[in-house]
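Chemist: Okay, here's what each chain looks like letter by letter:
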Amino acid sequence: MNYPLWSIPGLGGSWAVGLISVIHVFISHFAVGGGIFFAVTEYLALKRSESNDLTLRHNSEMLYAYLRKHSKFFMMVTTVAGAVTGVGIWFSISLVSPDGTASLIQTYSLGWATEYLFFVAEIATVLVYFYTWDKVSKELHLALAQWYAVLSVFTLIIINGILSFMLTPGGWIESKAWYEGFFNPTYWPSLILRLLVMLAIAGMYSLITSARLKASESEDVANFRAYMLKYSSKWFIPVFLIGPIVGFWFFSQVPQAVITNIFTGIQSSGVGNFSILARAIYLSLILSGTVLVFALVGPYLNPRGFSFGSAVAFLVCGLGVTSMSEWSREMLRKPYVIYNYMYSNGIRKADLETINKDSFAAFSKWEDPDNIGVSMFRQQCMICHTTDGYRSMKKLLGERDLEGIKTFLLMMRETDPEKNSYLNIMPPLVGTDKEVEALAEYLITLKPVKLGV
Amino acid sequence: MNEIVSIPSYQPIPFPAPFVVLEVLLILGFFLHLIPMNISLVGGFVSAICLFIGGENADSFYSRIGKQLAFSLPIFTSFAITQGIVPLLFIQLLYGPMFYTSSILMGSYWISIVLILVIAYYLLYIYKFNFKKLGAFAPWLLIAASFLFLVIAYIFTHNMTLMLQPEKWLELSKSTTGLALSNAEPQILPRLLHTIIGSIAVTGLTIGCFGLYLKTRKNAPEATLEVNDPLITGSDNPESYSTWLIKFGSTIYLVLTFIQFLSGVWFLLSLPREVMLIYMGKHLPATISFGLSFFTAIVSLIMALFAVLKGSKFAFVMTLINALLTILGMVFMRHYLRVVETIKYIDPAKVAVKIQWDWLFIFAVLAVLLIVYLGWLVKVAHNAFDKDVLN
Ligand code: HEM
Numbered sequence: 001m002n003y004p005l006w007s008i009p010g011l012g013g014s015w016a017v018g019l020i021s022v023i024h025v026f027i028s029h030f031a032v033g034g035g036i037f038f039a040v041t042e043y044l045a046l047k048r049s050e051s052n053d054l055t056l057r058h059n060s061e062m063l064y065a066y067l068r069k070h071s072k073f074f075m076m077v078t079t080v081a082g083a084v085t086g087v088g089i090w091f092s093i094s095l096v097s098p099d100g101t102a103s104l105i106q107t108y109s110l111g112w113a114t115e116y117l118f119f120v121a122e123i124a125t126v127l128v129y130f131y132t133w134d135k136v137s138k139e140l141h142l143a144l145a146q147w148y149a150v151l152s153v154f155t156l157i158i159i160n161g162i163l164s165f166m167l168t169p170g171g172w173i174e175s176k177a178w179y180e181g182f183f184n185p186t187y188w189p190s191l192i193l194r195l196l197v198m199l200a201i202a203g204m205y206s207l208i209t210s211a212r213l214k215a216s217e218s219e220d221v222a223n224f225r226a227y228m229l230k231y232s233s234k235w236f237i238p239v240f241l242i243g244p245i246v247g248f249w250f251f252s253q254v255p256q257a258v259i260t261n262i263f264t265g266i267q268s269s270g271v272g273n274f275s276i277l278a279r280a281i282y283l284s285l286i287l288s289g290t291v292l293v294f295a296l297v298g299p300y301l302n303p304r305g306f307s308f309g310s311a312v313a314f315l316v317c318g319l320g321v322t323s324m325s326e327w328s329r330e331m332l333r334k335p336y337v338i339y340n341y342m343y344s345n346g347i348r349k350a351d352l353e354t355i356n357k358d359s360f361a362a363f364s365k366w367e368d369p370d371n372i373g374v375s376m377f378r379q380q381c382m383i384c385h386t387t388d389g390y391r392s393m394k395k396l397l398g399e400r401d402l403e404g405i406k407t408f409l410l411m412m413r414e415t416d417p418e419k420n421s422y423l424n425i426m427p428p429l430v431g432t433d434k435e436v437e438a439l440a441e442y443l444i445t446l447k448p449v450k451l452g453v
Numbered sequence: 001m002n003e004i005v006s007i008p009s010y011q012p013i014p015f016p017a018p019f020v021v022l023e024v025l026l027i028l029g030f031f032l033h034l035i036p037m038n039i040s041l042v043g044g045f046v047s048a049i050c051l052f053i054g055g056e057n058a059d060s061f062y063s064r065i066g067k068q069l070a071f072s073l074p075i076f077t078s079f080a081i082t083q084g085i086v087p088l089l090f091i092q093l094l095y096g097p098m099f100y101t102s103s104i105l106m107g108s109y110w111i112s113i114v115l116i117l118v119i120a121y122y123l124l125y126i127y128k129f130n131f132k133k134l135g136a137f138a139p140w141l142l143i144a145a146s147f148l149f150l151v152i153a154y155i156f157t158h159n160m161t162l163m164l165q166p167e168k169w170l171e172l173s174k175s176t177t178g179l180a181l182s183n184a185e186p187q188i189l190p191r192l193l194h195t196i197i198g199s200i201a202v203t204g205l206t207i208g209c210f211g212l213y214l215k216t217r218k219n220a221p222e223a224t225l226e227v228n229d230p231l232i233t234g235s236d237n238p239e240s241y242s243t244w245l246i247k248f249g250s251t252i253y254l255v256l257t258f259i260q261f262l263s264g265v266w267f268l269l270s271l272p273r274e275v276m277l278i279y280m281g282k283h284l285p286a287t288i289s290f291g292l293s294f295f296t297a298i299v300s301l302i303m304a305l306f307a308v309l310k311g312s313k314f315a316f317v318m319t320l321i322n323a324l325l326t327i328l329g330m331v332f333m334r335h336y337l338r339v340v341e342t343i344k345y346i347d348p349a350k351v352a353v354k355i356q357w358d359w360l361f362i363f364a365v366l367a368v369l370l371i372v373y374l375g376w377l378v379k380v381a382h383n384a385f386d387k388d389v390l391n
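Chains A and H supply the protein sequences, listed in that same order. For the first sequence, the working numbering assigns the number 1 to the initial residue and increments by one for each residue that follows. For the second sequence, the working numbering assigns the number 1 to the initial residue and increments by one for each residue that follows.
Quick caveat, the hints were computed from the structure, so don't treat them as lab data. Here a beta-carbon is modelled for each residue, glycine too, at the ideal position from N, C-alpha and C. Don't take each hint at face value.
Said to hold, decoys possible - In silico lysine-lysine, DSBU-like type, Cα no more than 30 Å apart, as pairs:
1) A:Lys135 to H:Lys133
2) A:Lys334 to H:Lys174
3) A:Lys176 to H:Lys354
4) A:Lys69 to H:Lys379
5) A:Lys214 to H:Lys128
What the hints assert, rightly or not - Which stretches of chain H does chain A cover? Using the computed rule of at least three CB atoms under 8 Å from a CB of chain A, they are:
6) 96 to 107
7) 111 to 123
8) 369 to 377
Next up, chain A with everything else stripped away, as it sits in the complex:
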């Protein structure tokens, strides 16, 4: 409301955030999980290289070759795509939710500055790690892997505080003390959940790359392939065992209203969306369950029968779960950017009354006095709706005529959930009678003329 609006016709702006975030989440989780994977696997390789057992020593050589080969891909993905999409999220949220981003930044600039320190160290380490294969002692090279793992976990420790803050700002709302918002109710369950997922993503990557080894090449490769597949599947065990418990813990910390939203919201508002949310959550639970069960019965119990195709199928499921859970996490927070503090359209909850009393014009910097209706729509609705594309207003208005729209808008102004069943998905409408009237007049023009008669 403080800012003008950016929206691609037909798509809106939030898709940009969504798209970049999903890619970034997958890569960054891979970056952390992969870091731990490299550290652990290289440790095994080093230990085995010192063993007296010939087969173990041979296994160590194969492990080294494997790590060496894949560290290039790892370095290129984390330093390029990971870093750039990370910056990309920032670019996109500042376009789509400038007020929300500014609130986060004014609260946590030092947090981000600290995140940057770890990030620099992380990137520098992975570069040195990659370029010093066989140029430094094995012990030193392992140390680099371990440093990388620790540093990347620290980047998670910090960013997780800021991310979980948005859903459950906790005591911050009252006290405005950074640590209350940072170590908020979902901080620990989110942190653990993310770590578990990271390990699984690392396992998934390793499944794919190991499945690609050609068993037909020699018995030696076939053995190593089987060994690696079994080894990779073990990376799913933590999330399999602990995941459900932590997931339950996470949901127990989420505000009751959000939970209600997922389940009962479906009937009361009659809006299809939340059944979709509930379905998405179920689906992502079922999918992750499936992935895990298959990881155990597939590569673990029968590594030789596990094909590259199945590995790719795993990856696709994994991507699906990631996107769906990120999407659900975003949806859970709706209609807020910072729960209970600021709505998606940048209006602070605390300002509702003043705006209704004074006028939206007095608040919005961008209200065009000649086109109040358009301005109202842009500033209050277009963050989620487009006129005739994604979440099309034209369609959603349905059969309503001007009176119908006015009644709907009147209802949208209510801040009592008894009277406004949309409060869990849409911010309340604000503005004076005249402004709301103008919005209605504008909305009716969106409808095809024939239907309006």
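Once you have looked at the hints, place chain H with the ligand on chain A.
Modeler: The following block gives chain H with the ligand in isolation, referenced to the frame of chain A:
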């Protein structure tokens, strides 16, 4: 004629540290972004030209530096991106009301930076890992990457200029597609040209630094051996690779910085008169940064002349130090430009501050530890590459 919209407000949340600290972090952060960014911006062009001059002859000094410079570009790009985070953070914090607005108004271009950057970056890696296979086509990849970086630089310059011009916003805000650009703005081209010329000069210094580095390596005696073959050295006099690098790099610096004086004057004159005057005594810190960077620039030019003629290590180091000081001074000047242009609308120094001492302390300690850690990493890398520095 142009209505001025009311400027967006800061969030009612105090800043976490005193304004001066945040301001210094913004300025220094940008300085640290600027240097590697300069190299990745034009490094592709410069190395491609060297490769073209070197031609088929892989032993020629031009071919060697072309390849070495190109190989180092992904690392410089990586630094440029990570160092970009700091100014991005603090410009949003301190100048958010203006910065967010202009970013949104040109939103589609702004977001496209992400895509362009990924492509340009991967082009550099494709070159690095496949240059043999690519043959004569390879340098074109570098040129393509540089071109994409140039597009990014244009978008940045556009945004940095637009954020200072609220009189343009209302018109642009009529469309929500973020596709409008105010190209006609007279400041943009000189400002961009200034960046590009400066970037080539900095890349020259980088080439000189390669030479300096080779001279300090005990395990790379070949680098200091004189070669008496015009096909390799490109001249009739015997020359060692490391000395040649210092001379070549300094020449680039000398010529470009000389041109920079002229383009700097153009840029200065393109500014509104009252803004220009801040460097001529109207604003003390701005005038001091201008005076000092003018002075160090002259010193660096004289030193560069010696470095060009003699290839002397000392002269080159002096050039380098003075050039870096000049750039730092320019970064300060650029900052004051923003200060005087925004003060009419917003004043970050007046926003309430509630110092997060605990976090400030953690940050300071970690920052020191980071420097120590990076020092260790550099040592590890330095020792690791002891033997094969020439490739
Ligand atoms: C590697 C590709 C990049 C290039 C070629 C580039 C180029 C530039 C240029 C030319 C400027 C100066 C604009 C002017 O004032 O005229 C600039 C400023 C800036 N860049 Fe970059 N940039 C790149 C990447 C990034 C990234 C990835 C970030 C964010 C993480 C970033 C953050 C910034 C910021 C915040 C400023 C403004 C600083 C200030 O005004 O104090 N840059 N960049």
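Chemist: Tell me, in ascending order, the numbers of any earlier hints that this structure violates.
Modeler: The structure breaks none of the hints.
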